[in-house]
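Undergrad: In order, the protein sequence lines correspond to chains A and B. Just so you know, we're using numbering that gives the first Met the number 0 here: the first sequence kicks off at 0 and counts up by one. Just so you know, we're using numbering that gives the first Met the number 0 here: the second sequence kicks off at 0 and counts up by one.
Careful, some of the hints might be misleading.
Here are the simulated DSS-like cross-link-like pairs (lysine-lysine), alpha carbons at most 25 Å apart as the crow flies [said to hold, decoys possible]:
#1 A/K81 - B/K543
#2 A/K301 - A/K272
#3 A/K81 - B/K294
#4 A/K385 - A/K402
#5 A/K402 - A/K367
#6 A/K398 - A/K367
Hint data in this document are derived by calculation from the structure and do not stem from the laboratory.
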Amino acid sequence: MRVHVRPLRARSAIALGLLTAAAVLLPATSAFAGVIAPEGGGSPNADAIRQLYLIIFGLGCIVFFGVGGLFLVTIYRYRARKGAVPAQIHGNTRLEIGWTLGAAALLVVIAVVTFIKLPTIENPPNSGATGLPVTSNGSFIAQGASQNLPPNGKSLAIDVNGQQYVWRYTYADNDKINLNNVFAYQEMVVPINTTVTLSIRSQDVAHSWWIPKLGGKFDAIPGYTNYTWFKISKPGLYRGQCAELCGRNHANMTAQVRAVTPTQFEAWYANQKQNIIAADKLAAVQRTALNAQAARLAARAKVQNAAANAGTSTTIAPAAAAAAAGKTLFVAGNPATGALACGACHTLSAAGTAGQTGPNLDNVLKGKPSSFVLSSIVNPSKNIAKGYADHIMPNTYGKTLTKNQIADLVTYIDTSVNGK
Amino acid sequence: MATTQTAPAPAVSAVPEIVAHGVERPGSGWISWLTTTDHKRIGLMYMVASWIFLIVGGVEALLIRLQLSQADNTLISPQTYNALFTMHGTTMVFLFLMPMIAGIGNYLIPLMIGARDMAFPRLNALSFWLFIAGGLVFYGSVLFSPPECGWTCYAPLSETTYSPTGGVDAFIYLVHLTGIASFLGALNFFVTIANMRAPGMGWGRMPLFVWTMLTQAILLIISIPVVAAAVTLLLTDRHFGTHFYDPTNGGSPLLWQHLFWFFGHPEVYILVLPGFGIISEILPVFSRKPIFGYKAIAAATLGIAFIGSLVWAHHMFTTPLPYAVLVFFSLMTFLVAIPTGVKIFNWIATMWRGTIEFRVPMLFACGFLGTFLLGGVTGIFLAVFPVDWQLQDTYFVVAHFHYTIIGGAVFPIFAGIYYWFPKFSGRMLSEGMGKTSFWLMLVGFWTTFLVQHSMGLSGMPRRVYEYADVGHLQLYNEISTVGSFILALGIFVTLVNVLRSVRNGAVAGPDPWQANTLEWFTTSPPPVNNFDTVPRVRSVEPMKDIRRQIARQSRELAGSSARADS
Numbered sequence: 000m001r002v003h004v005r006p007l008r009a010r011s012a013i014a015l016g017l018l019t020a021a022a023v024l025l026p027a028t029s030a031f032a033g034v035i036a037p038e039g040g041g042s043p044n045a046d047a048i049r050q051l052y053l054i055i056f057g058l059g060c061i062v063f064f065g066v067g068g069l070f071l072v073t074i075y076r077y078r079a080r081k082g083a084v085p086a087q088i089h090g091n092t093r094l095e096i097g098w099t100l101g102a103a104a105l106l107v108v109i110a111v112v113t114f115i116k117l118p119t120i121e122n123p124p125n126s127g128a129t130g131l132p133v134t135s136n137g138s139f140i141a142q143g144a145s146q147n148l149p150p151n152g153k154s155l156a157i158d159v160n161g162q163q164y165v166w167r168y169t170y171a172d173n174d175k176i177n178l179n180n181v182f183a184y185q186e187m188v189v190p191i192n193t194t195v196t197l198s199i200r201s202q203d204v205a206h207s208w209w210i211p212k213l214g215g216k217f218d219a220i221p222g223y224t225n226y227t228w229f230k231i232s233k234p235g236l237y238r239g240q241c242a243e244l245c246g247r248n249h250a251n252m253t254a255q256v257r258a259v260t261p262t263q264f265e266a267w268y269a270n271q272k273q274n275i276i277a278a279d280k281l282a283a284v285q286r287t288a289l290n291a292q293a294a295r296l297a298a299r300a301k302v303q304n305a306a307a308n309a310g311t312s313t314t315i316a317p318a319a320a321a322a323a324a325g326k327t328l329f330v331a332g333n334p335a336t337g338a339l340a341c342g343a344c345h346t347l348s349a350a351g352t353a354g355q356t357g358p359n360l361d362n363v364l365k366g367k368p369s370s371f372v373l374s375s376i377v378n379p380s381k382n383i384a385k386g387y388a389d390h391i392m393p394n395t396y397g398k399t400l401t402k403n404q405i406a407d408l409v410t411y412i413d414t415s416v417n418g419k
Numbered sequence: 000m001a002t003t004q005t006a007p008a009p010a011v012s013a014v015p016e017i018v019a020h021g022v023e024r025p026g027s028g029w030i031s032w033l034t035t036t037d038h039k040r041i042g043l044m045y046m047v048a049s050w051i052f053l054i055v056g057g058v059e060a061l062l063i064r065l066q067l068s069q070a071d072n073t074l075i076s077p078q079t080y081n082a083l084f085t086m087h088g089t090t091m092v093f094l095f096l097m098p099m100i101a102g103i104g105n106y107l108i109p110l111m112i113g114a115r116d117m118a119f120p121r122l123n124a125l126s127f128w129l130f131i132a133g134g135l136v137f138y139g140s141v142l143f144s145p146p147e148c149g150w151t152c153y154a155p156l157s158e159t160t161y162s163p164t165g166g167v168d169a170f171i172y173l174v175h176l177t178g179i180a181s182f183l184g185a186l187n188f189f190v191t192i193a194n195m196r197a198p199g200m201g202w203g204r205m206p207l208f209v210w211t212m213l214t215q216a217i218l219l220i221i222s223i224p225v226v227a228a229a230v231t232l233l234l235t236d237r238h239f240g241t242h243f244y245d246p247t248n249g250g251s252p253l254l255w256q257h258l259f260w261f262f263g264h265p266e267v268y269i270l271v272l273p274g275f276g277i278i279s280e281i282l283p284v285f286s287r288k289p290i291f292g293y294k295a296i297a298a299a300t301l302g303i304a305f306i307g308s309l310v311w312a313h314h315m316f317t318t319p320l321p322y323a324v325l326v327f328f329s330l331m332t333f334l335v336a337i338p339t340g341v342k343i344f345n346w347i348a349t350m351w352r353g354t355i356e357f358r359v360p361m362l363f364a365c366g367f368l369g370t371f372l373l374g375g376v377t378g379i380f381l382a383v384f385p386v387d388w389q390l391q392d393t394y395f396v397v398a399h400f401h402y403t404i405i406g407g408a409v410f411p412i413f414a415g416i417y418y419w420f421p422k423f424s425g426r427m428l429s430e431g432m433g434k435t436s437f438w439l440m441l442v443g444f445w446t447t448f449l450v451q452h453s454m455g456l457s458g459m460p461r462r463v464y465e466y467a468d469v470g471h472l473q474l475y476n477e478i479s480t481v482g483s484f485i486l487a488l489g490i491f492v493t494l495v496n497v498l499r500s501v502r503n504g505a506v507a508g509p510d511p512w513q514a515n516t517l518e519w520f521t522t523s524p525p526p527v528n529n530f531d532t533v534p535r536v537r538s539v540e541p542m543k544d545i546r547r548q549i550a551r552q553s554r555e556l557a558g559s560s561a562r563a564d565s
């Protein structure tokens with residue numbers, strides 16, 4: 000049996016679809032970013048993705064309004080009415096082959112357009128003439144070769160490291176040591192008209208790097224390195240946030256890129272470098288002083304212990320020695336085993352630290368027994384201070400510190416807060 | 000009381016091929032439900048239990064929407080919020096949709112193919128009780144610490160270092176228990192369909208719903224063992240010192256993503272293909288036309304399943320994958336659109352030149368077509384990997400998969416409930432309440448999810464417990480929240496409709512819709528043995544043949560009596 004398709008109806012449905020699609024598409028300029036199209040305007044790759052999106056959006060509208068229109072015409076026109084007789088049609092091979100090929104053809108068009116647009120999205124261009132003159136070869140130290148680089152091989156390379164719940168940016172320099180590089184957290188400062196290549200990594204769970212106006216998102220997967228790039232032409236602030244569930248504070252893992260002129264960038268970079276050198280020096284001085292103090296006290300305690308054993312006198316000096324050793328650990332941590340300094344995140348007036356990442360110990364440990372202090376160090380998830388998320392503090396102190404070190408630390412913190 | 004009764008001889012003989020002689024009287028009381036192996040009772044228990052989980056998962060969804068209705072809202076803590084979306088997703092996939100489909104299939108497959116029961120009735124009961132056990136284990140975690148890693152449970156976030164509580168373990172056992180239930184159920188469906196069809200019902204005369212359930216069974220048999228392996232590796236990582244997903248010891252977090260999505264993408268088709276089958280049954284009945292292109296629809300079902308098993312990495316376009324892999328999975332995803340498009344055209348052609356009666360099942364089928372169409376179109380956006388880089392893990396994706404899953408599975412399930420409720424209970428559902436429910440659900444759904452595309456395009460990632468009011472984000476979220484409550488009200492109306500009609504609905508009779516397939520040949524609800532006689536099947540629409548035969552015979556009868564009178 001042949002289907003008698005009334006050509007006018009079907010055609011008018013498709014025409015209606017096309018018209019509606021055009022009506023929706025025409026205002027689809029940048030004013031509608033964030034409503035019917037992804038954001039762009041920061042970097043050429045974001046703009047190319049936007050253009051590709053809009054082409055597919057146009058085709059998608061034709062399909063949706065065309066097929067949807069045909070569907071609505073069908074259910075309106077062939078609703079049950081008096082005297083209407085349903086046509087007993089079982090199929091129509093030619094028609095079916097036709098729409099199969101039609102769907103395939105549309106997909107071929109989309110595939111071709113995608114591959115035409117792809118190089119602009121994938122491959123970074125050279126930096127502009129007014130951009131920062133980059134001398135390094137662009138690839139970050141100790142990186143793999145699969146990164147796309149500009150044709151002249153020169154770009155500002157930044158290593159993006161995701162961690163619960165902040166991004167750390169390390170800027171490439173010309174030596175092979177990564178420890179002396181300029182770094183920043185949360186806000187990345189970059190020069191305009193300069194191609195910036197990113198290598199994206201994670202040190203704990205999966206994160207995803209995404210600044211919508213600077214291109215698509217790229218997951219930071221621990222154990223892998225992902226790559227992307229951007230080139231900003233207008234100075235300004237470009238905001239984004241982590242796009243892969245990374246724990247309780249995922250929603251607050253924000254990122255922003257501040258684009259400035261190359262001169263401003265060089266000033267910021269030099270300033271940052273100086274600050275880091277100064278801070279390193281200060282920490283080194285403090286570490287030496289504290290180590291010396293701990294050694295002195297330990298020696299004195301040894302003497303007094305010997306005296307105590309001899310039955311002459313009892314003192315509380317061992318506690319003082321323990322407290323001094325504890326202070327060293329508190330301020331400097333134990334770099335050998337990777338135990339971070341408590342003071343890096345916690346405020347404790349006695350130690351002179353002012354970290355804001357974790358709760359203020361002067362407040363939260365007030366009046367708490369030493370057992371509470373101990374459990375908070377080795378098992379931080381047990382008691383979470385109000386207003387803070389779980390898993391911010393490493394739960395590895397039980398492994399990275401020895402039993403004696405932990406005991407010293409507990410003594411020190413307990414004495415400092417509760418003055419026993 | 001006699002334990003057997005003799006089947007009465009049918010009034011009009013339809014060339015009986017199989018005749019039942021002795022039938023056990025159905026048991027009553029709750030013990031008989033606990034111990035039953037009757038596919039109809041198991042099917043009903045599946046459906047009732049999954050409705051309970053639908054309500055729980057729905058309340059979780061409403062809490063999520065409440066929290067997001069205001070920017071920077073502090074109603075729900077981040078910990079609770081993460082638990083809520085994890086429970087919502089997992090519940091809807093594993094504890095509502097999969098068992099609901101298993102329930103509908105259980106009840107209908109033997110009836111549609113003219114069988115006495117499933118091939119392995121006791122295995123069937125085991126499947127049901129394993130599903131219940133999985134649900135209980137999972138919801139047991141609410142009393143301690145529910146999982147917070149999302150239904151995708153990505154490593155290393157799900158490893159003990161970052162998720163030390165037992166919530167993830169509850170998730171693992173949920174996947175195992177419901178997985179075994181689904182796997183055994185799938186084997187059962189496959190064997191039943193392959194071996195127990197009525198005489199004359201060749202592969203080319205099987206109802207299209209049976210074709211989709213057969214295809215779904217194959218997909219389950221392929222994909223369930225893979226996710227079982229994935230969660231087993233996670234279990235040993237968490238408790239027995241292995242490092243499969245731990246990058247610091249040579250493991251790979253991407254391994255989890257590959258294994259999970261090798262199951263996770265076919266899972267989408269496991270949920271929507273039976274929906275397609277339900278639609279393919281309902282459209283011809285209410286258009287009073289045969290299905291357009293039976294073979295093409297059956298072939299498209301198999302095609303979707305085959306291609307759909309080879310597209311999993313399109314969930315991973317933003318991970319560090321080689322370029323060739325991105326291109327392959329992008330093009331394979333394009334290919335899925337072809338058989339899906341074929342089906343949509345065939346459905347529209349089925350209605351073309353018919354006489355469409357807008358009863359409630361047909362309304363839901365139409366709601367499915369329009370809604371799923373948009374889900375399919377946005378799927379093309381996501382298949383283009385550079386575009387996906389902007390859309391992945393945003394509310395655009397959330398909108399897309401709700402359009403495909405609610406559009407492609409939930410609307411058909413509701414169509415199926417309204418269509419087959421007379422068979423399940425012997426009574427009709429109220430048309431008025433059904434229409435109210437449909438329009439509330441349709442309007443509520445589109446209000447909730449259409450605007451979510453724009454949220455994603457404005458830069459809102461999924462799975463965030465709060466957001467800053469940048470641009471129009473708060474307005475979008477308010478609209479979405481209002482919509483979600485309208486949708487929930489629509490579902491509630493159907494629930495009330497079902498509860499009322501079980502006792503008070505109009506009596507349906509064996510075939511209230513003048514339908515095409517064999518389940519309408521027996522009484523409503525069917526007796527324990529389903530059929531006293533099973534007719535020989537001569538086409539895809541055996542009931543149409545039988546009605547014609549009866550009409551012819553009664554004409555002949557009338558003619559002969561008229562001759563006798565004269």
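Undergrad: A separate judgement is required for each hint: does it hold in the structure or not?
TA: Checked hints:
1. A/K81 - B/K543: Holds, at roughly 22 Å.
2. A/K301 - A/K272: 43 Å, violated
3. A/K81 - B/K294: Violated, at roughly 32 Å.
4. A/K385 - A/K402: This hinted pair is violated, its Cα atoms lying about 28 Å apart.
5. A/K402 - A/K367: 21 Å, holds
6. A/K398 - A/K367: 24 Å, holds
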